[in-house]
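Protein chains: 2
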Amino acid sequence: MRIPLDPHSSQPLYRQIEDYLRQAIRSGSLPPETRLPATRQLAEDLGVSRITVKNAYAELESDGLIASRPGSGTYVSPPLLAPASPDRPADIRWPLWQQDLPAVEAPAIAKPPGRDLNARAHPDPIAFTGVGDPGQFPVRNFLKSIQTVIRRDGVAALEYSGFDGGYDPLRETITQVLASQGIRAQPEHVLVTAGSQQALALACQVLLKSGDAVLVENPTYNFALELFRTRAVKLVGVPIDEAGMQVERVETLLQQHHPRLIYTIPNFQNPSGACLSVERRRQLLALAERYNIPILEDDFVGDLRYDGRALPAIKALDPGGRVIYIGTFSKMLMPGLRVGFLAAEGPVYDHLLRSKLVHDLITSTLMQRTLDDYVTIGRYQTHLRRSVRLYRKRRDAMLEAIRRHLPTGVSFQSPQGGLFIWLELPEDVSALELAPFAEQQGVGYSPGSLFFVEPAQGEGYLRLNFATQDSQRIEEGIRRLGEAMHRLRQAAR
Amino acid sequence: MRIPLDPHSSQPLYRQIEDYLRQAIRSGSLPPETRLPATRQLAEDLGVSRITVKNAYAELESDGLIASRPGSGTYVSPPLLAPASPDRPADIRWPLWQQDLPAVEAPAIAKPPGRDLNARAHPDPIAFTGVGDPGQFPVRNFLKSIQTVIRRDGVAALEYSGFDGGYDPLRETITQVLASQGIRAQPEHVLVTAGSQQALALACQVLLKSGDAVLVENPTYNFALELFRTRAVKLVGVPIDEAGMQVERVETLLQQHHPRLIYTIPNFQNPSGACLSVERRRQLLALAERYNIPILEDDFVGDLRYDGRALPAIKALDPGGRVIYIGTFSKMLMPGLRVGFLAAEGPVYDHLLRSKLVHDLITSTLMQRTLDDYVTIGRYQTHLRRSVRLYRKRRDAMLEAIRRHLPTGVSFQSPQGGLFIWLELPEDVSALELAPFAEQQGVGYSPGSLFFVEPAQGEGYLRLNFATQDSQRIEEGIRRLGEAMHRLRQAAR
Chain A
1 MRIPLDPHSS QPLYRQIEDY LRQAIRSGSL PPETRLPATR QLAEDLGVSR ITVKNAYAEL
61 ESDGLIASRP GSGTYVSPPL LAPASPDRPA DIRWPLWQQD LPAVEAPAIA KPPGRDLNAR
121 AHPDPIAFTG VGDPGQFPVR NFLKSIQTVI RRDGVAALEY SGFDGGYDPL RETITQVLAS
181 QGIRAQPEHV LVTAGSQQAL ALACQVLLKS GDAVLVENPT YNFALELFRT RAVKLVGVPI
241 DEAGMQVERV ETLLQQHHPR LIYTIPNFQN PSGACLSVER RRQLLALAER YNIPILEDDF
301 VGDLRYDGRA LPAIKALDPG GRVIYIGTFS KMLMPGLRVG FLAAEGPVYD HLLRSKLVHD
361 LITSTLMQRT LDDYVTIGRY QTHLRRSVRL YRKRRDAMLE AIRRHLPTGV SFQSPQGGLF
421 IWLELPEDVS ALELAPFAEQ QGVGYSPGSL FFVEPAQGEG YLRLNFATQD SQRIEEGIRR
481 LGEAMHRLRQ AAR
Chain B
1 MRIPLDPHSS QPLYRQIEDY LRQAIRSGSL PPETRLPATR QLAEDLGVSR ITVKNAYAEL
61 ESDGLIASRP GSGTYVSPPL LAPASPDRPA DIRWPLWQQD LPAVEAPAIA KPPGRDLNAR
121 AHPDPIAFTG VGDPGQFPVR NFLKSIQTVI RRDGVAALEY SGFDGGYDPL RETITQVLAS
181 QGIRAQPEHV LVTAGSQQAL ALACQVLLKS GDAVLVENPT YNFALELFRT RAVKLVGVPI
241 DEAGMQVERV ETLLQQHHPR LIYTIPNFQN PSGACLSVER RRQLLALAER YNIPILEDDF
301 VGDLRYDGRA LPAIKALDPG GRVIYIGTFS KMLMPGLRVG FLAAEGPVYD HLLRSKLVHD
361 LITSTLMQRT LDDYVTIGRY QTHLRRSVRL YRKRRDAMLE AIRRHLPTGV SFQSPQGGLF
421 IWLELPEDVS ALELAPFAEQ QGVGYSPGSL FFVEPAQGEG YLRLNFATQD SQRIEEGIRR
481 LGEAMHRLRQ AAR
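As they're listed, the protein sequences go chains A and B. Position one of the first sequence corresponds to residue 1 (our numbering), numbered consecutively onward. Position one of the second sequence corresponds to residue 1 (our numbering), numbered consecutively onward.
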């Protein structure tokens, strides 16, 4: 234990130790049942005599703050009274540089993508948020993969490795997954990242300076918007329709704003569920070529297709070096794993790799090896097929429930894949005004404002995740949502 | 499988499929033994007739590129000849934005901190690099913690959670570890990060803009320098002596350069091994207060003390909000885990949290829960005590070997803890010129140039990690280093 002591202080050393421990116990830094160091050990640590430490402990013991148990040691006692408030006064003055920091907006932090539960008031809330049904994940099989890796690789599974882009066998496996999606990549073009969010952050770091403009679908993934905002990047939104980004509007925007990056989610877009048509994919690539702008293609759930035919990734149409492709296993497997990847060729790859290294060196070696074992043995394909069957049913259940329970005037597209249904509300229903009624009914959703360049543009929308709840709860949740809309309208009369 | 098809092309669809697969097989994207989709499946995926796919497969089969195995499927064949080179011509022209990227210096990337092996030429090289002896890590016990967590928490161990700074029980455990080091923190001031490198990157992102100046010890941790360089930050180096950063020089530098951040490694500094004296810790804090500058305190191996008494962290002397403290488990446990943390109070905490979220959302839930289980049950303290005993012996062995085998003129301090001995070479020996001789002898070290603001300043230094090799190999490695110096001198005559 390190305790700051001032040998020049007028206060004796035992008192300095006593005061320090007293404050630590009162503030909760040393909670009840914490074992204090033996007096001999603490004396040695602090370079003081043992009697000094004993005196400090004796004072604390006589005040009932600590108690020694013969043969066991000295422990912090449970509080005699209600715990004192921390010793920092409420009107603490932070240093000026802290006072000068801009306020962080509350909704921006501490919210997982789509987990904006607003249903706390209800005993059994149904939240159409989150990213997939974790109940589907075969935890035991995954544990078996961890065991296999630790038995096979021993300590190597926990060492530093893969400083040139990731664990090589995993990069090879990812190359094969990409090939099955029509993307020809080499393992040395694959960079393993801490989820797809980190891939976005790396591309952002390498390609954008503050003040640069970036072209995004509007609406788009809220944590991408948040990332761009923290980088002080100018957001240029392109409206979407049922065939994704309205690419025919893009050229004018390129000429007007000179963006340095085009960010797109072509498959089952978040939040709209729209799929960018092949024609538009080709047009977008041609524009990126003509105007010399990189495309960042976020294919977060490209594999989760329930009907229609698979479309080529923009990356698959790229003659080389124009598109940085971002993929992830986390939507199909477990988001808590935090393993994603990007594929990029040319000089930009080395920049992305350097950015990865300075950000966090490497992604957990154990998680990379385990994921490779799990994916290689074919469980991934099995798991994916099962997920597709299950989520297709749930999508259909939600579409049916919407038609049954929501008022006319609500409009939506049936998504061909992915996780989300994007609702446009009737003119007299705003997502903001709906919130307290939905909370009362016990149903959660992601308000549209999260996903727009100008949050106010999202007032008339909300996003529903159909993959996280079973059909029965989907039926009940959408019924509640209809009831909330009904009550909002009644209240407005 | 998604194959880009152009229905308007003059080329028939079966030929487009055939060409695509042919290129994928030749380039290695679809390696031998890859199973191709069934014709029915691929036809469905691509929205073409089954006969189209059959025609494409027939062409490929007649060329010997694929072969169908009755009852099993169609597989990519082993290459008949040497594999063709990838279909990208060598003189590929990258898009202009890629050509405009500055060159990334080779030594900057793909090198783990200190793993700059330059001993590849020898059959049994001894590398005094790396970060600790992974052989000491009780892998089986760690696997038990993983099993415990998965059995106890099930799928929750793999879900998203801890969006307000980490897994709460781990944050509480970290608070107690901090308290034992004299730092009073609350769990809500602790942010779990992907190793200490990410904590550095977050602080950098929040506190520095490009062009800002940052005050660093010179020499200092190479990956911190690399991080600052990628952010286009101006580096202001403060010389060090045996009591760490020469704080009495700092005020002049503050007035001259107006840095926005002071970065320091007060305990067993990387690379010098020096410990900042308590007097200087207090002075530095007072200067930071007077000039309104945050201190980033990197305590990467503060626990690994072999003799002398524990010094208070600068954070422990901070009345509040002046110091961002960075700690890690990775040096004591396994670097491949990638779990570190920072502690900070005041408005800056919310900024750091937001930066964490946009960078990679959260750190692996499973790794956080496992680490908490492992640390809580006391194995960490046991492991730490064992490491201290072992590494103390190795430090002493290396000091003795240096005195025995290295020429007079080599100078160094005996570090009181940590991992490194920092050698100043005699005037006629440069680390750069020494390298080929060391390689020939089969001994590895980290050249001093990695650690200096101006790499040329490090010509006369090298860093040795004494923790990664046992005493016998330390003796042999240092003997080889002495031999390399001897041969360099002979060659120079």
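Hints are supplied without guarantee of correctness; some may be wrong.
Treat identical chains as interchangeable: a pair holds within one or across any two.
[Stated by the list, open to error] Straight-line Cα separation of at most 25 Å, SDA-like style, residue types lysine to any residue; simulated pairs: (1) Lys-54 to Ala-456; (2) Lys-144 to Pro-134; (3) Lys-393 to Phe-412; (4) Lys-234 to Glu-433; (5) Lys-234 to Leu-143.
Keep in mind the hints are simulated off the structure, nothing from the lab.
Which numbered hints fail: Numbers 1, 4 and 5 - these are the hints that the structure violates, sorted from lowest upward.
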